[in-house]
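Asks: In order, the protein sequence lines correspond to chains A and H. Each position in the first sequence, counted from 1, maps to that position plus 470 in my numbering. Each position in the second sequence, counted from 1, maps to that position plus 98 in my numbering.
Just so you know, not all the hints are guaranteed correct.
Some chain A residues near chain H, calculated using beta-carbon distances under 10 Å [unchecked claim]:
| id | residue |
| --- | --- |
| 1 | Thr502 |
| 2 | Ser524 |
| 3 | Leu535 |
| 4 | Arg538 |
| 5 | Lys545 |
| 6 | Glu553 |
| 7 | Ala557 |
| 8 | Pro563 |
| 9 | Ala584 |
Rather than coming from a laboratory, the hints here were simulated on the basis of the structure. For glycine and all other residues, C-beta sits at the position ideal for the given N, C-alpha and C.
Single-letter residue listing:
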Amino acid sequence: MKKTLICTVCPNGCEIEVNYTTREDAVITGYTCKRGIPYAIDECFEPKRTFTSSVKITGTDRRMLPVRTTGPIPKELLMKAAEAVAAITLEVPVKCGDVIVENFLDTDVKLVAAMSL
Amino acid sequence: MKDIKCCVVVVGAGPAGMAAAISAKKNGAEKVIIIERENRTGGILKQCIHAGFGLQYFGEELTGPEYAEKFSVLANETGIEFMLNTTALEIKDKTLVCVNTEGIVNIHFGALVLAMGCRERTRANLVIPGSRPAGIYSAGTAQKLINIFGHKVGKEVVILGSGDIGMIMARRLSLGGAKVKAVVEIMPYLAGLVRNKAQCLDDFGIPLMLSHTVVDIIGVDRVEAVTIAPVDENRQPIMEKAETISCDTLLLSVGLIPENELTRSADVALSGITKGAIVNQYKQTDKPYIFACGNVLHVNDLVDHVSHESEDAGKYAALYAAGKLESADELAVEPGDGVRYVCPQKMACVDDNVDLYFRTAAPGRNTTLTISDDSGVLVTKKLIRTTPGTIEKLTIPADKAKNAIGKIVVKAEHKEA
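Produce the entire structure from the sequences given, and follow the hints as far as they go.
Replies: This is the structure:
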């Protein structure tokens, strides 16, 4: 199978071509740095994205606290992730990097605060 | 009325202002003050909760607030003084007139760095016909309402303009349960970064309609629909092919304009293309004690570039304030074929590398970028592809910068469209 995709690892947005039948025999061309290789393979077999959102916070003028996952999670979980964070309310003080959910949606990835408030 | 003296004063505590201030301090400015009209540092990054910042500058992928916080912590450690909730009103010679709850504050400076950022273009800038119902937002306003205040702006959305903020909002709205029906772009190519099309539009099945525009807004109290038409090669709508899409919200992501009201009060010369100050490689304006950096100078694609450029502005502002920035003969730097603008617009011929930042005029592949002066080509670089949405950077090495003659011209030539 042949797939052309845009690498989203960095703003360069390289156009990468992957020729594959299995994960092991994939031939990858068009990347300009080595970070494109695992991205392209994941994108064909189990696409992942870093999830960012904001959750309710009380005790300050800012009503929402930005949050993020510490690493990428399976793309198909994005909507579920959005629903999960909508149910969270925190209170100040929060420090950037504070863990909000340890094992977010059973992905082994943490959900953390992305701002100190 | 209060009077304060300082070496360098910076207007704006966004990423540009903080990088400039830290750099000024590191380069010998004893007292550095940042004026900020909001109650927090970080500027626009406070609402840019998506990831993708810092890959170049910090070598890791950060969200906007994380990127800002790193600079804010560094600024505090460096001993930068912040005056929050303070608005800069006017520049009178070497005095910045500000106002806050204590009244008027006059800041007497050795050098000033403009870092006020930019504003969004609005419906009024585009003159879109139709009624004036609720539900029309600039993309950045919607971003602030959602990410900082937790409001929902709409359920069925059309986005005009394929700038990065518009595409990022398409994803944000989709994740919030809204249906984004289309992103409409008048140009035949994407305005923002291609990675944002991949991860913000394609991931959510949002159609991108290139060479189309909004020709009518329908609705009385609230937006009910927008009419979209394809455009011809002169960007004129083909009305017989227009179609109406029902929606309750229209977001506009149609460009940014540097916010230069304060700059005008000092009578600083502005560029008609970038809408920012005309500067040399030190980011120094035609008023030698005023420097400019970040989106108030020219609208950037990446904050990482802003940080680097602003460090230059801060460094040279500090040197100027200390009387250590020598003036040199300056050459004009101009966009040639295939290039829309170059910043800086002037180059002092000194024995140091000179970075030129520029945007190409149209997208293309197998692109050759060249910088030349009246004696011939100084620098060339080949790229697989370029787009106007991406800022390119080329460096003139010190020995060539020092001996350059005539006019510096930057060109981009595409082998393929």
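Asks: Now look at each hint and say whether the structure bears it out.
Replies: Quick rundown of the hints versus the structure:
1. Thr502: 7 Å, holds
2. Ser524: Result: holds, 5 Å to nearest chain H Cβ.
3. Leu535: For Leu535(A), the interface hint holds, since the closest Cβ of chain H sits about 9 Å away, which is under 10 Å.
4. Arg538: 5 Å, holds
5. Lys545: At 7 Å from the nearest chain H Cβ, Lys545(A) passes the 10 Å test, so the hint holds.
6. Glu553: Interface hint status for Glu553(A): holds (9 Å vs cutoff 10 Å).
7. Ala557: Nearest chain H Cβ about 13 Å off; hint violated.
8. Pro563: With a minimum Cβ separation of about 14 Å from chain H (threshold 10 Å), the hint on Pro563(A) is violated.
9. Ala584: 5 Å, holds
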